[in-house]
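*Asks:* As a plain string of letters, each chain reads:
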Amino acid sequence: MAETINEVKFSDEAMAEIQRYISHYPEGRQKSAILPILHIAQAEFGGWVSPEVMDKVAEILNIQPIEVYEVATFYTMFNLKPVGKHVLEVCRTGPCCLRGADQMIDMIKQKLNIEEGETTADGMFTLKPVECLASCGTGPMLQVRELFYENIDSEEKLDQFLEMMRNKEHETPVWKK
Amino acid sequence: MGLKILTEHINVPGIETLKVYRKHGGYKSVEKAVKTMSPEEVVEEVKTSGLRGRGGAGFPTGMKWSFLAKPEGVPRYLVCNADESEPGTFKDRWFMEKNPHALIEGMITSSYALGANTSYIYIRGELLFVLRILEKAIAEAYAAGLLGKNILGSGYDLDLHVAPGGGAYICGEETALLESLEGKRGNPRNKPPFPAVKGLFQSPTVVNNVETISSVPWIVNNGGAEYAKIGIGRSTGTKLISASGNINNPGVYEIELGVPVEEFIYSDQYCGGIWKGKQLKAVVPGGSSVPILPANLILKTAAGEDRLMTYESLSDGGFVSGSMLGSGAFIVFDEDQCIVRNTWNYARFYHHESCGQCSPCREGTGWMEKVLHRIEYGHGHQQDIDLLVSVSKQIEGNTICPLGDAAAWPVASAIRHFRHEFEWHINNPKEATAPGAVYRGQLDAVTA
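Protein chains in written order, with this note's numbering: chain A, 31 to 207; chain B, 1451 to 1898.
If you are wondering where the hints come from, they were derived from the structure by calculation, not from laboratory data. For clarity, every value in this text was computed on a predicted model and none was experimentally measured. Note that the Cβ used here is the ideal one computed from N, Cα and C, for glycine as well. Certain hints may be false.
As the list claims (entries may be wrong) - With the C-beta cut set under 7 Å, the calculated list includes, among others, these residues of chain B facing chain A:
# : residue
1 : Gly1503
2 : Glu1534
3 : Arg1543
4 : Gly1575
5 : Gly1633
6 : Ile1876
7 : Pro1879
Said to hold, decoys possible - Stretch by stretch, here's where chain A covers chain B in the computed footprint (C-beta under 8 Å, at least three residues):
#  : region
8  : 1550 to 1561
9  : 1615 to 1629
10 : 1759 to 1766
11 : 1809 to 1823
12 : 1842 to 1854
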């Protein structure tokens, strides 16, 4: 069987969104749009950015691939390896810990039987502890894609949350609405 | 309750729409500024107001604006720092989410004052949902002639865009932010040149925090002198405080600067006291990077005066017995919290967020995290406390940007005020690592 190499292709809607961001910067400064484009790419291509996707971003911006790699590896929001359907970005920083974030992270590990950075066998969840998400008044909390889930301060609430996520599809990206 | 400058209408249903926002007096400052004032007059009002940077540094905003270079034929930029990432701080996120037009109004009025025709709001990447809210509000403002060409027929043009980050605390440092906005890694730049001379795209640039910019419309509408009447001394105006930790009512509060700390912690108008009927142990009053203070020193200065929520009062006693107002992130610890664990948590944060450019910070934050981890987990050595102090001193002041200082201060201050607790961990590893164990012994005497 012939192996097909999937060419990276953004949807028309995503390309329009990319062009909109590029238009925000002066002529010759199109590289500035790299972060919004990487966010769009991550949402378009399964929650992570592969080298092929980064090459495509470089092509769109007319810059060298290394310029995209060095940026994508610096900013922690970009996943450089495949991830589960829902990446649980749990805040692990001080203020959330005062309200039980450490215990929440431990419970997630136990319930999903994964360690930090790992994905469940069914591909449903990846656990990715992150630093402060600017939601300290409502901790413990976590983020999945663009949304915050706050005040998860008991085992019962965590169970409810995980159950809800198992049955949840991703939000339609804004550029496809 | 005191005067509400920023949050008066924040709970009005529909305030995020242009229609409701205008019904409550929104965009008046744009009208007033572009039609009746010169840019220099707006700058003067802001100078008179005594408004200070609300992101953490507290630098006078009017003075920062007056440093902006104005060479002929070179564009100038206003960049709003909405990268709010300092642990404990969530006021800007809350404010933009609820009342996006207030920031946009501030951006237009401030851009006019600075002569900027293109401005950006750089928002942390985790807040894409807030970016959507802002972009929607910006589209409304364009449609109403408040943005774009010839704003309200005044001849003034302004384009305003929102740009997301990608998850990097360091991009809250203004030169790292500018690098990031140019599509690069967030490595802070050497200064000089300062952004006021060479900032975004090598052009003169002012970078201001969300809350700072959002305070400008009130100043323009009511006059800088009126604003300066609010607050105490050089702490003029109101401040958004992000209250978190072990309190009954966490959330964002707008206070007139000068409220006593004790009132802020215990009044039902604000934090509502310590949760679960517990005792206050400590407070980090201005975001994770400012010194932690034990209960006695957060309530009263070393001289025995009531501590107030002002830049001056919170820093009274310097780093020996004081702290800082910083970004207004007020993190409260109850008696059951472990200072060693918290200090390790912050050290891990700074190690994670160091950009890696300067060796003292890149290496030092890693060492501090490692040493604190071993103390917390029962493997500390007698000399570790002095080692931590020595490492923190070698970071402080030896880096391009203030992240190094921000990493050093929490460690140094925790040891200064809670040395007995660190020693207890080292001397009683078994007891200290038992589940739920907390040091209940003597707190350190503080010498002013």
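*Asks:* Using the nearest Cβ pair, does B/Gly1503 come within less than 7 Å of chain A?
*Replies:* Cβ of B/Gly1503 sits 18 Å from chain A, so the hint is violated.
*Asks:* Cut-off 8 Å, C-beta pairs, minimum 3 residues; does the coverage of the region 1550 to 1561 of chain B by chain A stand?
*Replies:* It is violated, with 0 qualifying residues against the three required.
*Asks:* Please check whether B/Pro1879 passes as an interface residue: C-beta within 7 Å of a C-beta belonging to chain A.
*Replies:* Violated - the Cβ of B/Pro1879 stays beyond 7 Å from chain A, reaching only about 19 Å at its closest.
*Asks:* Is the shortest C-beta separation between B/Ile1876 and chain A less than 7 Å?
*Replies:* 22 Å, violated
*Asks:* Under 7 Å is the threshold here; is the Cβ of B/Glu1534 close enough to any Cβ of chain A for the hint to stand?
*Replies:* 5 Å, holds
*Asks:* Mind checking, does the region 1842 to 1854 of chain B have 3 or more residues with a CB under 8 Å from chain A?
*Replies:* violated (count 0)
*Asks:* Go through the hint on B/Arg1543 and say holds or violated, using the shortest Cβ distance to chain A against 7 Å.
*Replies:* Holds. Min distance 4 Å.
*Asks:* Identify whether the interface hint at B/Gly1633 stands, where standing means a beta carbon of chain A within less than 7 Å of its own.
*Replies:* Because about 4 Å separates B/Gly1633 from the closest Cβ in chain A, which is inside the 7 Å limit, the hint holds.
*Asks:* Are at least 3 residues of the region 1759 to 1766 of chain B within less than 8 Å of chain A when you compare beta carbons?
*Replies:* violated (count 0)
*Asks:* Are at least 3 residues of the region 1809 to 1823 of chain B within less than 8 Å of chain A when you compare beta carbons?
*Replies:* violated (count 0)
*Asks:* Taking beta carbons only, do three or more residues of the region 1615 to 1629 of chain B come closer than 8 Å to chain A?
*Replies:* This one holds; 5 residues, not fewer than the three required, reach chain A with a Cβ under 8 Å.
*Asks:* Take the shortest C-beta to C-beta distance between B/Gly1575 and chain A; is it under 7 Å?
*Replies:* This interface hint holds because 5 Å falls under the 7 Å limit.
Figure legend: structure checked against the earlier numbered hints; hints not met, in rising order: 1, 6, 7, 8, 10, 11, 12.
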